[in-house]
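J.: The lines below spell out each chain.
There are 2 protein chains.
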Amino acid sequence: MNTIIRDALHARRTQLTEPEAKALCTQYSIQTPKGQVARTQEEAFEASGKLGFPLVAKIVSAQTIHKTEAGGVILNIQSPEEAKSAYNQVIKRVKQRNPDARIDGVLLERMAPPGVEVIVGATEDPQFGKTLMFGIGGVFVEVLQDVAFKLAPITDDDAKRMVAEIHSQSLLTGFRGSAPVDKEAIVEILMATSKLVTENDAVKELDLNPVIVHEKGAVVVDARVVLSQTSNERTPSVCPVDSLMKFFKPEAVAVIGVSATPGRIGHEVFRSLSQYEYAGKVYPVNPTAETILGTKTFGSVLDIPGTVNLAVLTTPANSAPSVLDECGRKGVQAAIIVSGGFKETGMNDLESQIVETAKKYGIRILGPNCIGILDSRSGLDTFFHAHDRMLRPKPGPVAFLTQSGTYGVTILEWAAEENIGISKFVSYGNRCDIDEGDLVQYFGQDPETSVIGIYVEGLDNGRKLYESGCKVTARKPIVILKSGRTGLGSKTAKSHTGWLAGSYEVAKAAFEQAGMIVAEDVEQLYDIVKALAMQPLPKGSNIAMVTNGAGPCVMAADKIEEYGMGLASISNETVSALKRVLPSYCLISATTVDLTGSGTSKDYDTALQHLAKDPEVHILMPFLVFQDTPLDEAILEVIAGLRKFGKPIICCAAGGPYTRKMSKAIETFHVPVYETAERAVNAARGLVLQLRIAGELSVSR
Amino acid sequence: MNTIIRDALHARRTQLTEPEAKALCTQYSIQTPKGQVARTQEEAFEASGKLGFPLVAKIVSAQTIHKTEAGGVILNIQSPEEAKSAYNQVIKRVKQRNPDARIDGVLLERMAPPGVEVIVGATEDPQFGKTLMFGIGGVFVEVLQDVAFKLAPITDDDAKRMVAEIHSQSLLTGFRGSAPVDKEAIVEILMATSKLVTENDAVKELDLNPVIVHEKGAVVVDARVVLSQTSNERTPSVCPVDSLMKFFKPEAVAVIGVSATPGRIGHEVFRSLSQYEYAGKVYPVNPTAETILGTKTFGSVLDIPGTVNLAVLTTPANSAPSVLDECGRKGVQAAIIVSGGFKETGMNDLESQIVETAKKYGIRILGPNCIGILDSRSGLDTFFHAHDRMLRPKPGPVAFLTQSGTYGVTILEWAAEENIGISKFVSYGNRCDIDEGDLVQYFGQDPETSVIGIYVEGLDNGRKLYESGCKVTARKPIVILKSGRTGLGSKTAKSHTGWLAGSYEVAKAAFEQAGMIVAEDVEQLYDIVKALAMQPLPKGSNIAMVTNGAGPCVMAADKIEEYGMGLASISNETVSALKRVLPSYCLISATTVDLTGSGTSKDYDTALQHLAKDPEVHILMPFLVFQDTPLDEAILEVIAGLRKFGKPIICCAAGGPYTRKMSKAIETFHVPVYETAERAVNAARGLVLQLRIAGELSVSR
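Protein chains in written order, with the working numbering: chain A, 1 to 701; chain B, 1 to 701.
Don't read these hints as lab results, they were simulated from the structure. Glycine included, every Cβ here is placed at the ideal spot set by N, Cα and C. Among the hints, erroneous ones may be present.
Label pairs and their computed distance ranges (CB to CB) [unchecked claim]:
{"no.": "1", "chain 1": "B", "residue 1": "Lys249", "chain 2": "A", "residue 2": "Tyr276", "range": "53 to 59 Å"}
{"no.": "2", "chain 1": "B", "residue 1": "Lys249", "chain 2": "A", "residue 2": "His167", "range": "51 to 57 Å"}
{"no.": "3", "chain 1": "A", "residue 1": "Thr261", "chain 2": "B", "residue 2": "Pro615", "range": "35 to 41 Å"}
{"no.": "4", "chain 1": "A", "residue 1": "Gly177", "chain 2": "B", "residue 2": "Pro240", "range": "51 to 57 Å"}
Using 25 Å as the maximum straight-line C-alpha spacing, the simulated PhoX-like pairs for lysine-lysine come out as follows [claimed, not checked]:
{"no.": "5", "chain 1": "A", "residue 1": "Lys183", "chain 2": "A", "residue 2": "Lys216"}
{"no.": "6", "chain 1": "B", "residue 1": "Lys644", "chain 2": "B", "residue 2": "Lys613"}
{"no.": "7", "chain 1": "B", "residue 1": "Lys394", "chain 2": "A", "residue 2": "Lys661"}
{"no.": "8", "chain 1": "A", "residue 1": "Lys664", "chain 2": "B", "residue 2": "Lys661"}
{"no.": "9", "chain 1": "A", "residue 1": "Lys394", "chain 2": "B", "residue 2": "Lys249"}
{"no.": "10", "chain 1": "B", "residue 1": "Lys579", "chain 2": "A", "residue 2": "Lys343"}
{"no.": "11", "chain 1": "A", "residue 1": "Lys664", "chain 2": "B", "residue 2": "Lys579"}
{"no.": "12", "chain 1": "A", "residue 1": "Lys67", "chain 2": "A", "residue 2": "Lys95"}
{"no.": "13", "chain 1": "B", "residue 1": "Lys249", "chain 2": "B", "residue 2": "Lys360"}
{"no.": "14", "chain 1": "A", "residue 1": "Lys471", "chain 2": "A", "residue 2": "Lys360"}
{"no.": "15", "chain 1": "A", "residue 1": "Lys249", "chain 2": "A", "residue 2": "Lys216"}
{"no.": "16", "chain 1": "B", "residue 1": "Lys160", "chain 2": "B", "residue 2": "Lys204"}
{"no.": "17", "chain 1": "B", "residue 1": "Lys613", "chain 2": "B", "residue 2": "Lys602"}
{"no.": "18", "chain 1": "A", "residue 1": "Lys249", "chain 2": "A", "residue 2": "Lys183"}
{"no.": "19", "chain 1": "B", "residue 1": "Lys34", "chain 2": "B", "residue 2": "Lys216"}
{"no.": "20", "chain 1": "A", "residue 1": "Lys647", "chain 2": "A", "residue 2": "Lys539"}
{"no.": "21", "chain 1": "B", "residue 1": "Lys664", "chain 2": "A", "residue 2": "Lys661"}
{"no.": "22", "chain 1": "A", "residue 1": "Lys661", "chain 2": "B", "residue 2": "Lys661"}
{"no.": "23", "chain 1": "A", "residue 1": "Lys394", "chain 2": "A", "residue 2": "Lys246"}
{"no.": "24", "chain 1": "B", "residue 1": "Lys246", "chain 2": "B", "residue 2": "Lys296"}
{"no.": "25", "chain 1": "B", "residue 1": "Lys330", "chain 2": "B", "residue 2": "Lys246"}
This is chain A alone, in the form it adopts within the complex:
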């Protein structure tokens, strides 16, 4: 352990003095002003002469946190005499305010010349652990909350992004004719801070505020370091993948608590498992009924003759510990607890009890308070939702994991209707054992899965999700949506203004740092997953639009510019060729081919084929007003024929039954159709983001 920190902890102090904090900075090559601690007025006089002027005098006292407010700071000292009198004045003032404060002297420091004041911070986020913060000082952080976060440790690229991400960053590149400041120096301080907090777990908070950045170099004018003896132990990041396998492809399942009454949750779970696709054995456990849905019941899981790989519990919460104990004795190693009535109702002890029982027998638990699992290939289906009320999607590449069963059900039905194949679906509810990190690791190695969608509310071990994501995103895209942004945000907010942005900002930064694509609402989550599941990645971000009704293209263009994506500048040759071959009613610009309401399938074919061959065009975006009578059903073949070019195709069409029929027909050959321009552009953006993520990560990892 670092000696400065060790000594402070040894003295049972939770805060370093400023000279200590600065010495720690110096050890990590973070530049601080030339300075010296004077312990007498004579020392102040002498030291000042050696340091040069102007100087600042600051009280050194672990008990005096707000130095300026305590009268402990004097600026602009110009001579040894002034230094001596400043020494006396500072000590006198602080003693007046707080007679009991232990004073360790007065720090004399050269004043830094003016520059841009920035803030570098680090904290221990309760979900994500060591987190770095960067912002420009004063109103930008305090009023506008214009800050960037990254989890430590960071790469050089991460540090550069932090600097580039803040809105006020143009202040660093020269504002109103002032010279640009040294961004590289900020990057070095961020990297050094990352190293400092990573190597020293005891550092719980660190504030370099202000850091004055000059044309060349940057200097930390004030530093504050808060320590803690307690270490934040986290569950190990690595999930034993084997332990999850049984949840998806069990040979035999026991459903415990199967009611004989149709409509009851246990009954419906048993129905979904026993009457449809799942080919394994399904045993209903019910102590009173003889048979349920024609199947012989068992009084207890212990009465079942053969092996049971997976138990699904729909029994009342308070019976869960004893039921789990029986499962353990039976040798069951995987349990899905559908029942609610645990932590979400304040029954934390009951939840701890089931965790203990499970540990004792080596059982892994999914839930409680969840709807469980759908595996489209094994047919395993633990939903209590009747088939006439809820569609199940066909097998395919998307794994979806969700804390909320409701969102899960919605997305699965949307997927079923729009031809998105699902590999596995997991609802994990209260997450007493298996969490998002485990599942991301599992799907990362799952050959049936190539796209991962996640909905989370609260996070427990965010760091684990982050680390799991880091390992997966270069190979498989992860799209994530988090709710619970506002309430939780304030709770985790620290007293220091820099952290007022709250926990959603940290979570979002962490997800992005791990290479996940962050969705802001459930439509975005679904739409991006849909594009990733159906289309190849583009080679660039240029979109070309072809339409027979231009209104939505105007909106799309707005969105494309807002996202900073390119709209293809269609090459002059392609424009000339299109003008030659398309009918005269068509309006051809460098960004959009508007076939107008007179546009036919043949016009679409001509336009799209030309654009597909233009190397400047990376994404084809046909907008289709199917209601326009001149457009006939040959358009389906036109779209299907575009797939051979290997460029992603994103369609947009909205309307009633006829439009939906046509859209679904297009989706049968895996070209996605979106209802609005905004949704189409957002989906295209998802593809472009994943292109960048895969490119960057394959280089840096």
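Position chain B relative to chain A; hints supplied.
T.: Using the frame of chain A, we list chain B on its own:
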């Protein structure tokens, strides 16, 4: 005319000198520093003694716009001697830089004590005319573009809102312990500036920058005024309502350019008009065919025996002038030009020609380049969209006007499927004559219309739309969506309907100032219109959520907080009552009643009835997971039974065919259902906004 402005215009100057601009300010009671123009060094010496110190010296020269850069400013003059030497220095420096500049002396002014620097500006917006701007000086305006706009003239409330709307406004209320500054003084300057630019049309630009605001009072330190001789004449705001009547309820319509070939636009327009609801006479004009769709054709509109009230043109663009001339001779007074090929393709002369011809005969034109009109009551329907491809909505309260036919078609089909009744639909395309302002005025007085939805791309006479909106919004809600917001979007819009879009920020401010509800995308536009069409306005903004699956409620809570709306604090009595009467599996908090997946229709009924009776609850928001088997179809009666309480009900449900069936069943009794929590909350927000608008406007107007 103001004498200062008159004299400057007389001297053919386009810019006032600083002393002139400040004298103008003084005439409008805007405070400027005590100052005097010195024309000799002796005058400078003497004047300074009278003014007091410190002073600033500034060159007075209409040719020297950037005074500081030209060396024309010296700060912090402390004595008459310094004033004299500053006089000489300023003149010498400016002459060196620009020997030809006419110099009218040196302005000596008392320096204002430090305070918060703000900017008040006014400009002549090409679409909206005189527009005011407010922001905090320096980076806030220049880097962060944190500014508020309003059209002049403004009310006192408008001025207060401008101050409150900027993000950095907390700087005015005291930042880092500094005292709050005088917001009332800013409001007074805004009001005075509004008066100044309104009374003096020649003032095209005005910049009060900086205005230094103190704890008490505010002073304009620099002022710049740009003049123009040319007046910006606008079309009179008042639309003769009678001239539009014929478009919706004509007795006889001629469709000119009816092709005999099914699928061609002219043919399909004639089919829509002649084969469905419209009961009036429909005459097809075609010079070659004998009959079309069984109806005798006419070679020209002049050959039609009876009166023709409305002509629908689907002829090629270049024949439009002669066809219109024939219409004029026939006495037709209303024409819809469906055909494209005018301004949007660069054929501006052709468009001018039709406008001229129409003026000659007093014909009003809708279009060109549009899909025309649907009147659900008269049955008038000019769409070229076949009925088997496009649903038509039933009669009801919503008027919808759109520049884009495509958006129109989409929204009409959505409305048809979700039981939203439409009074009238108008697509106006290139808008060569009838514009949004006309239509808003028309719908404002239309007894069949009680909600107005608008989609616009570019605007021509934005001021007219604004003024028309002001007259309507207190009585009838207007929801507006504008695209063409970015450079790219605007470019795409131009090639669509021939109109460049202006600054979106100004347009948005103008819409809001007129009391319109601004939607950011087409879903928002549709969703808010749907809620306004189906539900009463609430008495407040408190929402109570009841659900059988809480995930979307978390997202809704985020959105509710983001919008700054209230989430009902359900009274203690109601909470206790609900805990008593609901089953134990229900989770009851002060904001949400979670019936959990076990929730039944009876549970919903119990919960919703209690909440409907709670006076703290203003909006009921049931979330319905219809897929959950315990929820049966009695839920329909439960929702229907809630209407008697007169509180708005906004439902949320998403999924596949079963869920859609249930949602549509709810919508048959005019309770709207939304697919996502975000959309439901946004719809509720629309109701709350309209409540505020109606309340505020009924007081202020």
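J.: What are the numbers of the hints the structure violates, in ascending order?
T.: 9, 11, 14, 15 and 18
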